[in-house]
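Peer 1: Below, each chain spelled out in residue letters.
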Amino acid sequence: MANSAKPISSPVPQEWYPTLAFFMLAVGLVATASFFIYEATVSKKNRSVLKELSTGAVASVFLGFGSLFLLLSAGVYV
Amino acid sequence: MEGACGGRGARGEAPRVPRLTLLTLLLLSLLLSLFESSASAPEIRIVSAERRIDLASSIVRAYVTLKVENIGSSDALEVVLAFSPTQAKSIALIRASTPEGKRKKKTYTPLAVNPTTLPDTPADAQLFSISLLNPLKTGETTVLEVLLIQTHFLEPFPAEISQSESQLVYYRDTAFMLSPYHIKEQTTHIKTPSKKIESYSREDPTNRVGTELRYGPYDDRPPYSFSPIIVHFENNNPFAVVEELTRVIEVSHWGSLQVTEHYKLAHAGARHKGVFSRLEYQSRAAVSGASSFRHLLATLPPRVHSVYYRDEIGNVSTSHLRSDQHKSELEIEPRYPLFGGWKASFVIGYGLPLHDFLFESPDGRRYLNFSFGCPLMETVVDHLTVKVVLPEGSKNPSASVPFPVKQKLETSFSYLDVVGRPTVVLEKENAVPEHNIFFQVSYGFNPLSMLAEPLMLVGAFFLLFFSCVAYLHTDLSIRKS
Numbered sequence: 001m002a003n004s005a006k007p008i009s010s011p012v013p014q015e016w017y018p019t020l021a022f023f024m025l026a027v028g029l030v031a032t033a034s035f036f037i038y039e040a041t042v043s044k045k046n047r048s049v050l051k052e053l054s055t056g057a058v059a060s061v062f063l064g065f066g067s068l069f070l071l072l073s074a075g076v077y078v
Numbered sequence: 001m002e003g004a005c006g007g008r009g010a011r012g013e014a015p016r017v018p019r020l021t022l023l024t025l026l027l028l029s030l031l032l033s034l035f036e037s038s039a040s041a042p043e044i045r046i047v048s049a050e051r052r053i054d055l056a057s058s059i060v061r062a063y064v065t066l067k068v069e070n071i072g073s074s075d076a077l078e079v080v081l082a083f084s085p086t087q088a089k090s091i092a093l094i095r096a097s098t099p100e101g102k103r104k105k106k107t108y109t110p111l112a113v114n115p116t117t118l119p120d121t122p123a124d125a126q127l128f129s130i131s132l133l134n135p136l137k138t139g140e141t142t143v144l145e146v147l148l149i150q151t152h153f154l155e156p157f158p159a160e161i162s163q164s165e166s167q168l169v170y171y172r173d174t175a176f177m178l179s180p181y182h183i184k185e186q187t188t189h190i191k192t193p194s195k196k197i198e199s200y201s202r203e204d205p206t207n208r209v210g211t212e213l214r215y216g217p218y219d220d221r222p223p224y225s226f227s228p229i230i231v232h233f234e235n236n237n238p239f240a241v242v243e244e245l246t247r248v249i250e251v252s253h254w255g256s257l258q259v260t261e262h263y264k265l266a267h268a269g270a271r272h273k274g275v276f277s278r279l280e281y282q283s284r285a286a287v288s289g290a291s292s293f294r295h296l297l298a299t300l301p302p303r304v305h306s307v308y309y310r311d312e313i314g315n316v317s318t319s320h321l322r323s324d325q326h327k328s329e330l331e332i333e334p335r336y337p338l339f340g341g342w343k344a345s346f347v348i349g350y351g352l353p354l355h356d357f358l359f360e361s362p363d364g365r366r367y368l369n370f371s372f373g374c375p376l377m378e379t380v381v382d383h384l385t386v387k388v389v390l391p392e393g394s395k396n397p398s399a400s401v402p403f404p405v406k407q408k409l410e411t412s413f414s415y416l417d418v419v420g421r422p423t424v425v426l427e428k429e430n431a432v433p434e435h436n437i438f439f440q441v442s443y444g445f446n447p448l449s450m451l452a453e454p455l456m457l458v459g460a461f462f463l464l465f466f467s468c469v470a471y472l473h474t475d476l477s478i479r480k481s
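So the sequence lines, in the order shown, correspond to chains A and B.
Mapping of the first sequence onto the UniProt record's numbering: residues 1 to 78, in sequence order.
Mapping of the second sequence onto the UniProt record's numbering: residues 1 to 481, in sequence order.
These are calculated hints, taken from the structure and not from any lab test.
Source: prediction; values computed, not measured.
Errors might be hidden in some of the hints.
To be verified - Stretches of chain B that chain A covers, calculated by requiring three or more beta carbons in the stretch to come under 8 Å of a beta carbon on chain A:
no.: 1; stretch: 247-261
no.: 2; stretch: 355-364
no.: 3; stretch: 414-422
no.: 4; stretch: 464-471
C-beta atoms are modelled at their ideal positions from N, C-alpha and C, and glycine is treated no differently.
When you get a sec, could you build the whole thing from the sequences and use the hints?
Peer 2: Written out as structure tokens, the structure reads:
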């Protein structure tokens with residue numbers, strides 16, 4: 001049983017968690033900033049919903065994964 | 001069985017058959033059943049029995065070597081062990097094995113042990129049967145090794161002692177081994193922890209050399225011979241008993257196994273009497289509080305990380321962790337030394353790398369391989385609960401434990417959970433260090449379920465952005481600009 005079974009480990013090496021958390025959160029925050037800058041500077045008539053939502057989606061993907069890796073690197077194993 | 005059938009058939013045809021034939025048939029069936037019952041209980045004789053009883057700690061361990069001979073006419077499939085009711089109540093574990101091969105190449109094959117009953121057992125003797133690997137043929141002999149572990153069996157006497165006294169306990173047993181079979185020759189060796197033996201019963205020949213008492217050899221004792229003996233001796237080893245232990249093992253597929261252990265520890269030896277003087281305890285450590293204990297040693301798996309030890313008030317700073325390649329040792333000190341009847345409760349927690357304990361079997365199911373018992377050395381656990389918290393999205397969990405335990409399923413909630421985590425709860429009464437063996441919990445898991453948690457976070461952030469967009473696009477002003 002022990003010979004044929006293969007050990008399971010995390011899909012992402014655990015040493016990368018802090019680095020991943022830092023860079024993904026950084027990218028996510030930059031995207032968030034660009035989203036809000038776009039919202040604040042471009043007038044309502046010239047704004048495109050597609051661009052707003054796509055910037056929001058990119059920011060949320062990076063922030064979501066970034067916060068997950070932040071939790072993992074802090075020792076909160078979800 | 002056959003006899004009973006014959007009887008029923010005869011009764012059914014009763015009107016036609018003459019009375020005499022009916023009677024003979026009945027008699028015949030009776031005889032048949034008698035013959036059958038005698039055939040099903042083969043006659044066994046114990047050629048030699050040797051018991052080595054180790055009273056070194058609070059746990060009583062008896063190593064019994066039996067040489068069994070079949071003197072009946074049919075094959076014997078099992079050998080029965082007998083215990084008195086008080087003894088049977090305290091049994092935590094019976095392990096039987098049969099040695100094979102000679103001297104250095106000796107291997108031990110474990111045998112199944114199950115409680116059983118026999119028709120004519122005197123005075124509520126409790127019986128356990130050992131199933132033999134191969135049927136024992138007429139005239140053949142075999143050797144059986146039995147390990148018997150008893151807890152809460154040593155009775156402190158006096159039951160209350162002061163700080164400066166040492167602890168004396170009673171050990172009760174019989175000089176002749178209780179057995180449903182005739183025993184040709186038997187000896188009992190009792191090993192005490194120190195040379196200080198207050199008194200012991202005599203049953204000639206009885207011999208005492210240093211820390212060892214020898215009862216026997218006794219020849220030709222009939223079945224169920226009984227001769228009570230009492231040994232009154234000094235035992236200052238820690239009588240550490242965990243009244244309740246809950247181990248929570250949380251599995252995270254992100255690379256960690258988090259273990260949290262809640263202890264309710266007690267000193268189950270002679271109760272402490274009078275006042276406790278810290279000054280005397282500290283200055284005359286050799287004579288004061290001999291039966292108390294202040295250190296506990298826990299053996300944890302290797303590569304353990306983020307270990308903590310705390311109680312209700314907060315962190316307890318008196319602990320040391322040493323680790324090497326094979327194991328980690330955690331030495332903890334409760335806030336105060338424990339005397340008889342005193343209690344302490346605390347929590348130990350640690351993290352372990354996942355790849356040491358979680359595996360994928362060829363059929364695609366994942367299984368956790370973890371040790372069952374309490375990691376503290378030489379400690380009895382009265383009530384042990386092991387909870388294995390599986391990741392969210394696990395399906396059909398099932399546990400396999402090498403000894404009988406109570407099992408149930410629960411759902412527990414932790415960080416980022418929606419439907420809850422399936423939790424396998426295993427409960428065991430009266431666990432000893434020998435129960436510290438590996439058990440398996442297997443479950444089905446789709447690796448894509450791992451994405452549920454990050455996607456939940458992504459969704460939450462996206463909702464925020466979307467609501468921003470929606471807010472900035474709606475015009476809530478009353479006056480048209």
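Peer 1: So, for every hint listed, does it hold in this structure?
Peer 2: Structure-based check of all given hints:
Counting residues of the stretch 247-261 of chain B whose beta carbon lies closer than 8 Å to any beta carbon of chain A gives 7, which meets the minimum of three for the stated coverage. With a threshold of 8 Å between beta carbons, the proposed coverage of the stretch 355-364 of chain B by chain A holds, since 7 of its residues qualify and at least three are required. Coverage of the stretch 414-422 of chain B by chain A holds. Counting CB-CB distances below 8 Å, 3 residues qualify, and the rule asks for three or more. Figure legend: the stretch 464-471 of chain B, annotated as covered by chain A; annotation consistent (5 residues with Cβ-Cβ distances under 8 Å, at least 3 required).
Violated hints: none; the structure is consistent with every hint.
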